[in-house]
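Residue numbers (the numbering used here), protein chains in the order written: chain A, 1 to 209; chain B, 1 to 128.
Any given hint could turn out to be false.
[Claimed, not checked] Residues from chain A shown here face chain B by an in silico Cβ test under 10 Å; the list is partial:
#1 77
#2 91
#3 106
#4 115
#5 152
#6 155
No wet-lab data here; the hints were simulated from the structure. Ideal Cβ positions, reconstructed from N, Cα and C, are used throughout, including at glycine.
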Amino acid sequence: MGLITDIRDSISSLFSAQDPKRIGIYGPPNAGKTTLANRIARDWTGDAIGPESHIPHETRRARRKENVEIERNGKSVTIDVVDTPGVTTKVDYTEFLEHDMEKDDAVRRSREATEGVAEAMHWLREDVDGVLYVLDSTEDPFTQVNTMLVGIIESQDLPVLILANKTDLEGSNVRRIENAFPQHETLPLSALEGDNMDEVYDKIAEYFG
Amino acid sequence: MPEVKKADDDGVQIDLISGERMESMTSMEKIRMILDGVHEGNIVILEEGLSPDEESRLIEVTMTEISPDEFNGIEIETYPQSGSTDSGLLNRLMGNDETKKLTVIGPANQIKTLHKDETLISALVSRK
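This is chain A alone, in the form it adopts within the complex (with noise of 0.2 Å):
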């Protein structure tokens, strides 16, 4: 009895013992994904994640927050949490300049925009578990980048959560990102103010747990 008891244990340990999932957060440039990045790791371990801004391409590296545990019902799950750039086809510098910023500047950051994408995309394809898919729910989600990236995270078998952003904004619309992607669960949110945080974080443990 003692033998089966020290097995048990054994084999509960080792799963316990597991390295943690690692989640990237992934959408579009803006959709809020460091909003949301910082608001977890804020509510579970105290500490930012990286810098926000409403200017496109404010992340330009991937950047990871270990061993965040979230505590649901009695039991905690561990994750790594992932904030990737916003992943994009195309990156015009000129677009930078209209946010009152110098041409090497602009040049500047669209480069590193384009190497935080390649490097988004590598970790997608390589390094994460699971998938916080993020859109602002005030602009339309029938994008190519949506497809595709939805796409390709079906074909890696990744759990991905889609996330419905910014609904504290006027001309939020939940509906209309349910009705792009049927076949997966959307949640409403704002990062930003922390509304219906609890039922992502519900979801987080039944998805990635």
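Mind docking chain B on chain A? Use the hints.
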């Protein structure tokens, strides 16, 4: 690719690539063919599109080739997958390949999507 006559300066060249032609190519050969065409200012139309993995690599390679004032990247359009075409592992094992979808790719500064839904892609193509 065999030698083809180049489009006149006042036109836009469109290359329609059959699924049969793509079948024997490796992923990198497909990506190179697409980006070489796009760099020349051509619109490339693929009868059967790319696999998700190839799309991911196309984005990655495109990013490495973006150069200020020369090449801003690509515009790419395919029909979105509808909910009924959930391409799960079982579907793929059964040979139900959902990746075969018409795909249009062009230089980002020459092609602009006007409308897109599950059954229609409407785009405006301009000269360089």
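Okay, the hints, checked on the actual structure:
| no. | hint | verdict |
| --- | --- | --- |
| 1 | 77 | violated, 24 Å |
| 2 | 91 | holds, 6 Å |
| 3 | 106 | holds, 8 Å |
| 4 | 115 | holds, 7 Å |
| 5 | 152 | holds, 4 Å |
| 6 | 155 | holds, 4 Å |
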